[in-house]
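Enquirer: So the chains spell out like this:
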Amino acid sequence: MKCEDVYLHICDHLDEDISSPRCRMIREHLDACPNCQAYLSSLKKTITLYKAIPEPSVPAHAHKELFKTISVLTSHRATPVKRKARSKGTTLRH
Amino acid sequence: MSISPVNRRVPRLLADDALIEQAKTGDHRAFTELVRRYEETVYRFSFKICRDQDKASETLQDTFVNVFRKLDSFDGKAKFSTWLYTIVTNNCLMKRRRRKSDEMEESLEAYDHAHLPHDDTQHPVLATSAGDPADVVITKELRGILDAAMEKLPEDYRVVFVMRDIEGRSTEETAGVLGLSIEATKSRLRRARAFLRDQLHPYITAHPEVMS
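Read top to bottom, the protein sequences are chains A and B.
Residue 1 is where the first sequence starts when you use the numbering used here, and the numbers rise one by one after that.
Residue 1001 is where the second sequence starts when you use the numbering used here, and the numbers rise one by one after that.
Hint data in this document are derived by calculation from the structure and do not stem from the laboratory.
Positions of the beta carbon are idealized from the N, C-alpha and C atoms, including for glycine.
Any given hint could turn out to be false.
[Said to hold, decoys possible] Result set (DSBU-like, lysine-lysine): computed pairs, CA atoms no more than 35 Å apart in a straight line: (1) A:K64 with B:K1077; (2) A:K2 with B:K1095; (3) B:K1024 with A:K64; (4) B:K1070 with A:K68; (5) B:K1095 with A:K68.
[Said to hold, decoys possible] Some chain A residues well away from chain B (every beta-carbon gap over 10 Å; in silico): (6) P21; (7) R22; (8) R27; (9) E28; (10) K51; (11) A52.
[Stated by the list, open to error] Chain A side only, calculated, beta carbon under 10 Å to chain B, not exhaustive: (12) T48; (13) S57; (14) P59.
The shape of chain A in the complex, shown without the other chains (with noise of 0.2 Å):
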């Protein structure tokens, strides 16, 4: 297996079956290869990186925002098999 093959395949040995045929040369491969053992630990720490950045919540205003919506939007739907009677050009956005 070549250094391009290795680089094709190399995000599936990311987080795919590691006892696969595939997965085993790819391995044999970066065992001897320093230039793709660099490159797929700088991937990896690629997605780190990116994992390590902290979850945002949801702003108040928009929270807000959001449950006026859901309310205006149950308050006009009376029961379910009734529900035709909404009107087409009604806006539910504010």
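Assemble chain B onto chain A, guided by the hints.
Expert: Positioned in the frame of chain A, the structure of chain B alone reads:
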């Protein structure tokens, strides 16, 4: 299966499937509970794709309005979260600047052709271990670089990277959300990872302490 009168009064105690069925009957408390349960999930995913607080807030609204209008068509064959991801993705992709994105997509195809760098061993800072996200300190400078790199990635590639590598979703689920084949999804993931890696590589090599 019918929903007991007791459970009908307490949507918070219901599992998702029962909650969805109850919401479909017009129970506004059940629908509100569904929104409460998935509000953060939808916002976080929207933010990761839109990269903008206002757009993510707008997508949050649009997504749940769509969910309300289309809930009857949700048949439960896919996971509810997958259905939500699909709606969020469609809302985000509709907002994208198509021309710029298409131009970038063409340049990303170059990552399919033996893009393997041949001088990485000149950078001994690249150890074998990738490290734990919990051990990484995201400085303002690093955050700026991560955001700038992600901004350059077309949104449909972004969806693949976020779903697979950040959210940990399967290739099959990601393919389903974007309406792509498994092979096309893998190809986009490969290009996205390689592109982001190239964007970050100078910083990582210059700041080995970031991953130590």
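Enquirer: Honestly, which of those hints from before does the structure not fit?
Expert: 2, 10 and 11
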